[in-house]
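Can you build the whole structure from these sequences, using the hints too?
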Amino acid sequence: SSDSNSSDTTAVDTTPSTEPSVAVTLLRVGMNKPLQEVGPYTTADQGGLGILGNAGEYLCFSNNSFELEPRVAESWAANSDSTVWTFKIRQGITFHNGQALDAEDVVQTFLKHLDEANKSQAAGALSGILQAAGVKKVDDYTVEFTLDAPTGGFPFIVSSDTYNLIILPRDWTSNWTSDFIGCGPWIMESYSVEEGVTFKRNPNYWDPTRQPAFETMECTFFTSGASSVTQLLAGELDAVTFVDPTAATSLPTDQFTLQIANTITHLQVHLGCDAGVFKDKRVRQAAALTLDRPAIIDGLLQGYGDLGNDSPMAPAYATTDQSVEQRVKDIAKAKELMADAGVADGFDVTLESFKRDDIDLLGQVIQSSFKEIGINVTLNITEGFGYYDQAWLNSELGITDYGHRGIPNVYLNRAYKSTGDWNAAHYKSPAFDAAADKFMTSADFAVQQEASKEIQEILLEDTPIITPYFANTITPVSNKLVGFRTTGMGHFDAAGAVII
Amino acid sequence: MTTPTLELINLEVAYRVRGIDRSVLRGVSLAIAPGEAYGLVGESGCGKSTAAFAAMRYLPRNGSITSGSIQFEGRDLVTMNGAEVRNLRSNAISMVYQNPIGALNPTIRVGDQITEVFKLNGLSASDAAAKTEQALVHVQIADPLRVMRRYPHQLSGGMAQRVVIAMALASNPRLLVLDEPTTGLDATVEAEVLDLVRTLRSETGTSVLFISHNLGVIRTMCDRVGVLYAGTIVEEGETQKILSNPSHPYTVGLLRCIPKGGLQKRQYRLDTIPGSPPSLGAELTGCVFVDRCTIVQDICRNETPPLFDLGGGHFSRCFFHEQAVNLPRSTEGTGVAQRGGEYVSNTNESLLALNHVTKTFKQDGNDVRVLTEIALHLGAGETLGLVGESGSGKTTLARLVLGLTDPDPGSTISLDGTSLGASLADRNAAEVGAVQIVFQNPDSALNRRHSVTRIVARAVEKLSGLSKHSANERARKLLTDMSVDPLLHSVKPAQLSGGLKQRVAIARSFAGNPRLVVCDEPTSALDVSVQATILNLLADLQAAENVSYLFISHDLGVVRYLSDRIAVLYLGRIMELGPAETVFHGPHHPYTEALVSSIPVIDGSARERIRLGGEIPSPANPPLGCVLHPRCPRMAGSGVEHLCTSQEPELAEVEAGHFMRCHIPIGQLRQIQRPS
Amino acid sequence: MTDPGSPLIATDKVARGERIKVRRERLALLRKNKAFIAGVLLLGFWVICSIVGNLVTPHDPRQINLMATNLSPSGTNFFGTDSLGRDVFSRVIVGARPILFMSIGATVIGTVLGTTIGLIAGYYKGVVDALIMRLVDALSAIPVIVLALLAVATLERPSNFLTLVIIGIVFTPIIARTVRAAVLGETELDYVAAARLRTEKVPYILAVEVLPNVLPPIIVEFTVRLGYAIFAIATLSFLGAGVQIGSPNWGSQVAEHYSKMYGGIWWSTMFPAGAIATLAIGVNLIADGLMEVFDL
Amino acid sequence: MARYIIRRLLLAVVTLWLVTAVVFFTTHILPGNVALRILGPFAQRSAIDSLNEELGMNRPVFTQYTDWIGGVLHGDLGTSLKYNQPVAKILFPALVYSLKLAALAFVLLVPLSILGGIVAALNRGKIADRIITIGGLSAAMVPEFVWAVILVLVFGIQFSLFPVTAIPKDGASVFGQIYPLILPAICLVLVLFGYVARITRAGVIEALDADYTRTAVLKGIPRQQVIRKHVLRNALLPTIAVIASQISYLVGGLVAVEIIFNYPGFGLALRTSVTYRDFPMLQASVLVVAAIIVLVQVLADIIFIILNPRIRQKVSN
Ligand SMILES: Nc1ncnc2c1ncn2[C@@H]1O[C@H](COP(=O)(O)OP(=O)(O)OP(=O)(O)O)[C@@H](O)[C@H]1O
Ligand SMILES: Nc1ncnc2c1ncn2[C@@H]1O[C@H](COP(=O)(O)OP(=O)(O)OP(=O)(O)O)[C@@H](O)[C@H]1O
Ligand SMILES: [Mg+2]
Ligand SMILES: [Mg+2]
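Protein sequence lines correspond, in order, to chains A, B, C and D. Under this note's numbering, think of the first position of the first sequence as 1, with each following residue one higher. Under this note's numbering, think of the first position of the second sequence as 1001, with each following residue one higher. Under this note's numbering, think of the first position of the third sequence as 2001, with each following residue one higher. Under this note's numbering, think of the first position of the fourth sequence as 3001, with each following residue one higher.
Derived by calculation from the structure, the hints in this document are not laboratory data. Be aware that one or more of the hints could be misleading.
Subject to a maximum C-alpha distance of 30 angstroms in a straight line, what follows is the list of computed DSSO-like cross-link-like pairs (lysine-lysine) [said to hold, decoys possible]:
| id | chain 1 | residue 1 | chain 2 | residue 2 |
| --- | --- | --- | --- | --- |
| 1 | A | K355 | D | K3089 |
| 2 | C | K2034 | D | K3126 |
| 3 | A | K333 | A | K200 |
| 4 | A | K428 | A | K453 |
| 5 | B | K1119 | D | K3229 |
| 6 | A | K137 | A | K112 |
| 7 | A | K335 | A | K371 |
| 8 | D | K3229 | A | K112 |
| 9 | B | K1468 | B | K1492 |
| 10 | B | K1131 | D | K3229 |
| 11 | C | K2201 | B | K1468 |
| 12 | B | K1492 | C | K2201 |
| 13 | D | K3100 | A | K200 |
| 14 | C | K2201 | B | K1362 |
| 15 | A | K137 | A | K88 |
| 16 | B | K1468 | C | K2034 |
| 17 | B | K1477 | C | K2125 |
| 18 | D | K3126 | A | K200 |
| 19 | D | K3089 | C | K2032 |
| 20 | C | K2032 | B | K1362 |
So this is what it looks like as structure tokens:
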């Protein structure tokens, strides 16, 4: 119970030691509330994937330094043209129900996600890359993936970046929320969709170095980061997975550490390229030139963000070419372009999106920024998913939110390529498609970097989508807590965490 | 002289209204000797109740005693502290007032409410209960134990008032204050309550302060009487003296207002007191009555008259008290007949005819028949008086005639031989206009948001189809005819006195040249002085317009004055129907007899009271046989008991034009009823 | 055949003077009622803001300044700035218009509908009444806010006008109930029978005869409802139902910023909140004063 | 008597039935893409279409209504679109939380406001009266969320006397359970005190002015006893009914308060389901709440009847 534990913490204070305190048996984490059914197929948000990642285990784990950590897969390798990938499965892993894990479970997991009937959220990530036929069990501890097209970043695609892909027992069918079965470091003890989830440590977890130091992890759901911060202040939480910048800045630094992670989480402001007011790319460039990006990052993110240069090739990616010139606010130039395009005195346009704090704010900033060159924006920001229902893929101007990915493939593939099913900008550029393919197929760093440069330049020129910034994640943790990790994707990893 | 039980000395009371003190009692002085019954009469609003409550040292929150003193057995109530006052109330002074049901706590059994008083005087629960039972027996309640267990709403008005009286007497007080204890009760019930009080007094010998606006009641109850006007006692003396030779114009006026001694509109026109009493807290210089006095002189306006001692404990507050007796009338005295107002009451050609008129109400599930087989006819220019205890069906009958309520199928109501549609919807404008009504309460009958002219004009417009303009013209004329001053035509009803309101209502009912006007207790909400003017007006109008009246009233005196014929209603049945005088002189139906004998008369000898036993049965389940038989004062020993209890008598013509619904032969009735 | 009028009329002239005096005394009473005056001042202030607000604001209430976000109150920004660097003071001033417009609109709709229904139900009684009252019950069984949320939720496109209409409809049954009660009493009065006795049609009776007499309760109900409307609309916009993003709307200002309070940024929440409170209280004080005068 | 109660219950049923209609058809003014709401924006189009088919969203609204009612009658409140879990499973724990909060609010409210009302009535027109009535009603006019932020700022943040969130701690001591609920409860009390106090006051004043009270005084009964036995007894009766009618305001208030205090009650659930158009959830919660309110009001009426002999008799024949 809370009071017993808090008294423990104080007990610890009196005898500070670097040794993991045996006394502290409870870790209290504040996390975002999952807003739909939590499960391998259904989860589509940070809250849900947070739970998946703790109860389950991925083939490999995509960390904050854009590297992959081997997990269920010990190692992996590709053939020459990276169309066939072979994964070595770790031995001695058991599921929470005691069942031992081997290649069969991995194969079944993938087949399940690839099965249309299950309507898996992961299906999208795998589409065009992997089909059921391509998944093959070589031996009890080897799985082979044969891809439709060469894909350099395949391991990332099957890593925790595609957060639905936790390895499931081969025969698993049931409603996942009833048991949260997996082979992760934490075993679900109780779960309530409104309140939170409680885990107890998995004594049989395969990795002794990541064996949880806490008996129990109590995760409380929050709808607003702010109220979680107050709990943190009240000493009722040891850590909050993610909070918004203003809330974070309010925390006293002597008690809390803010763990900042550069992520690729971003908002895409799409400009309809095939018709309408933004058909002319000069207009699109003009629009992009009105944004004062550093100010936006300061104002909206309290500085916790990376500049966006109107492409998904974020500064954080190793492959990104940092030499490409950053677009900066330039009203004069913008007006010029508008004039050239014959719309010197601007026009009216409606910006479509859905209600969410950051989108509300960016929407208003765009409104006032575009105004400077005579573009009058009407905000039509609807509750819930109405936006994705109607406006998303057929609007001249809209904001769409994109989660973090260890590699940009998903964005390129689905949002930018002519064939992309999320191509809200209706952007069609053979040049870009070529560059994108080049980037994605190659597994070679140099080639990727070269491709990336092309992509960045093409997109900066065409500007189908404005990408003002890439947000950082902010994870406030009590100074007493060390080893608590989060990822840009939204996973949090308390396995290695201890209270000192 | 022994110290009086109660003495008010120059008592002045004021009510604070909208932040201003308004004087109500302007120096009232009176003294009640031990064992004496003192009456206080006066028009509504003159301060009777205020005086009564002052005597209990109980005033409304906004009331205050501004000067003077209240002595109870020589001790000053005004300066007494709360405990002492409470003590007095619990064992020396008690009060009974209007609306007995309201006076009892709805959520406590009546028994407990009485025992409370005994307990207060230190009796044990069991003794108190026993005492309560006695007390109820004392006030002639048949089975006290059952009544004790009842809740107030389960009692009839009369019963409740007995309980209240029992409660008042429980502390066997030395002073009993009765504020209009019978107002709102039926004449028969009233008479019984009064009898009760009288007997109790003779037993206990408590002094009584008896308040009423009815001189008749005062006469039967009180040794001495004070006449209160505008918070001042204008005349005081022994009841008999005051009534026989009043010496203040106001008292004289009051007495002349009242239709009495079987006077009829034909021979005699009621006198009135013009105007209305000064409003609450009005600044009065000189005599309080100046505004309405017909013998007023300058002195009256400038000087406040002292209380002149006329000897024999008779006082009058009038400079000209000698002239008061032969005060000039404020209206012509001669009845309409003499004034050549051709007054035809041709009962042969009937204007209105009712046959087999029956009305049944659905009351949650079960039928309640409130009118049974009513057959009536009413000649042009004739007045039919309709009397009967409350709940007997008078208003319902009226509403049927008007078409406001649908009669049961099979009933026929015809006007000039052509039968009228059951409901208003089925009647044409002419028919609707031909049958109009004057309601009991003008405040409710006039739309308080509309101007006087508008109220009348709209009626004219709709009923005689005139243009808006000419309708206005006609309305003004009508109003002026009703002696509503043109100055007041534009005002809203709220700005008129009760009498004027009723005039406006009458004006409206005559807007469509009606053939028949139903008057449902048109004066029972008014003071006698005003009542007189209204009655005169109605009489005059009838003479002028040859209109017929269906005149409903509790007040038999009034009915008798105005009616040519009278119908007596009991439990929705006509018990007796005949020429007014016959019905009053008898031989009457036993029920009528009881009614008539219960009128508290102001002059002539009080006749022997004929009592109706028991309570009025509910129309939901009327008794078998003659509906009266359980209460009939004449059934016993009539020799026809078996008939009375078994079969319902017909309404038979016992003499020419005199109908009666009774098994007892007329002769026999004449025998019994011959005044001994 | 007229009684000698003079004295009679004399006294009634007095009576008439009385009535005029009464009215004067009532007004005096109202003027003495400090609470009422306070209410008038408060409401008056916001009404003025809602009319000329846009002209007098020191800054453009919509002007974003990302360089000056969350500034604490100062000489330039009396109420500080919000999370987009907009001037809170200006936003509070112009925020008066939408809420006043909406709450008055909603109350008017509710009062008109409610009065009509109430009149009809109260006059016909019986089946009509029963039916209407059932529906009224049903609607009043759902808390106003919840019902409004429910309705607003179904509208993908938020709009002040729709919200206004919804609140109005939600209020209808409540007002209908009050009016009906009053009408039930009125129709017992004889002047209604009198009207029928001169072949008046029902609509006339209701509109011309009955309505004026049930006006005082309606007026009071109107002011009371207005208070509730402010309450409801503020709450709805706080819940984010039916407000456009960035519109200077008190409720949403609070919603957008209250989380900042925990970080010590209280001004962007407290000033709009205070505005709501003062407006609501002002209206209530007026309602209270009126009730006293109409002694309801 | 029994007949009346039955009639009252039947009426309640009719009311509830109408509620279902109101709720259902309001939420179906615009159908919206249900499957998309379940699967979220990044799901495959094909998946969305097939799910819509499975859910029978293409059936006529009326059939959907009858099916829904059928379900409700069999105790099946439907399945949450967002959580793909039985609504009941989510709703009832939430209701229990809200109930705790509401209960605490009522425990504070009822005695306070009734006392306030009585004091006001007994000091009619005096300063105490003005303060209670005007103060109370003014407070009542200020939305809960405004009170919430004010209280949070003052007591939660400035003086940090109370926790600013009301996350329930199961297994905590009774005090530990109540303590975090005090601020939210106070918000609700502030908003309801005015009404209840005013109603009580009106009732007491009516009783004070009643003839029977005068009778009691004139009997010489001590003031305290008059007030206890004669005034309050009659005055507090109507108050019962009114307090019951306030429950609907209370519930309304829960929504805003629970959001600010992040309290996982019905209000929070409702808010979520509104934001994400989780209509089955929305319908169910509104319906259940309406049912509770109606029930409470019926009970209040019945109690009222039983306690009040005048009416008791009227209805029993
Ligand atoms: N509490 C009060 N506040 C203000 N005025 C009052 C109050 N009580 C009575 N009055 C007024 O004082 C005057 C005298 O009232 P009171 O009841 O004593 O007259 P009354 O002779 O008893 O009249 P009634 O015959 O109608 O009972 C009336 O004009 C009445 O309107
Ligand atoms: N609308 C109604 N529904 C049911 N019963 C009614 C209705 N109107 C009158 N009654 C009943 O009919 C009976 C006669 O009522 P009515 O008003 O005609 O008597 P009344 O002689 O006019 O009485 P009062 O002298 O008190 O005016 C009463 O018992 C009354 O309860
Ligand atoms: Mg009186
Ligand atoms: Mg009658």
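We went through each hint and held it up to the structure:
Proposed proximity of A/K355 and D/K3089 is supported: the alpha carbons are some 27 angstroms apart, at most 30 angstroms. Note on C/K2034 and D/K3126: the hinted pairing holds, with a Cα-Cα distance of about 14 angstroms set against a maximum of 30 angstroms. Annotation: proposed proximity of A/K333 to A/K200 is violated, straight-line Cα distance about 59 angstroms (limit 30 angstroms). As the CA atoms of A/K428 and A/K453 are separated by approximately 19 angstroms, the hinted pair is consistent with the 30 angstroms bound.
At most 30 angstroms may separate the alpha-carbon atoms for a hinted pair to count; B/K1119 and D/K3229 meet this at roughly 14 angstroms. Between the alpha carbons of A/K137 and A/K112 the distance comes to roughly 15 angstroms, so the proposed pair stays at or under 30 angstroms and holds. Restraint check: the Cα-Cα separation between A/K335 and A/K371 comes to about 11 angstroms, which is no more than 30 angstroms; the hinted pair holds. Only pairs whose Cα atoms come within 30 angstroms are accepted, and D/K3229 paired with A/K112 is rejected, the gap being roughly 75 angstroms.
With a CA separation close to 19 angstroms, the supplied pair B/K1468 and B/K1492 stays within the 30 angstroms bound. Proposed proximity of B/K1131 and D/K3229 is supported: the alpha carbons are some 21 angstroms apart, at most 30 angstroms. Taking the CA atoms of C/K2201 and B/K1468, the gap is about 17 angstroms. The hint holds against a cut of 30 angstroms. Restraint check for B/K1492 and C/K2201: satisfied, since their Cα atoms lie roughly 23 angstroms apart, inside the 30 angstroms limit.
Annotation: proposed proximity of D/K3100 to A/K200 holds, straight-line Cα distance about 28 angstroms (limit 30 angstroms). Between the alpha carbons of C/K2201 and B/K1362 the distance comes to roughly 26 angstroms, so the proposed pair stays at or under 30 angstroms and holds. Annotation: proposed proximity of A/K137 to A/K88 holds, straight-line Cα distance about 10 angstroms (limit 30 angstroms). Between B/K1468 and C/K2034 the alpha-carbon distance is near 47 angstroms, which puts this suggested pair outside the 30 angstroms criterion.
Proximity of B/K1477 to C/K2125 is assessed by CA-CA distance (about 38 angstroms); at most 30 angstroms being required, the pair is judged violated. As the CA atoms of D/K3126 and A/K200 are separated by approximately 63 angstroms, the hinted pair breaks the 30 angstroms bound. Proximity of D/K3089 to C/K2032 is assessed by CA-CA distance (about 58 angstroms); at most 30 angstroms being required, the pair is judged violated. A hinted pair counts as satisfied when its Cα atoms are at most 30 angstroms apart, and C/K2032 with B/K1362 does not qualify at roughly 52 angstroms.
In summary, the numbered hints that this structure violates are 3, 8, 16, 17, 18, 19 and 20.
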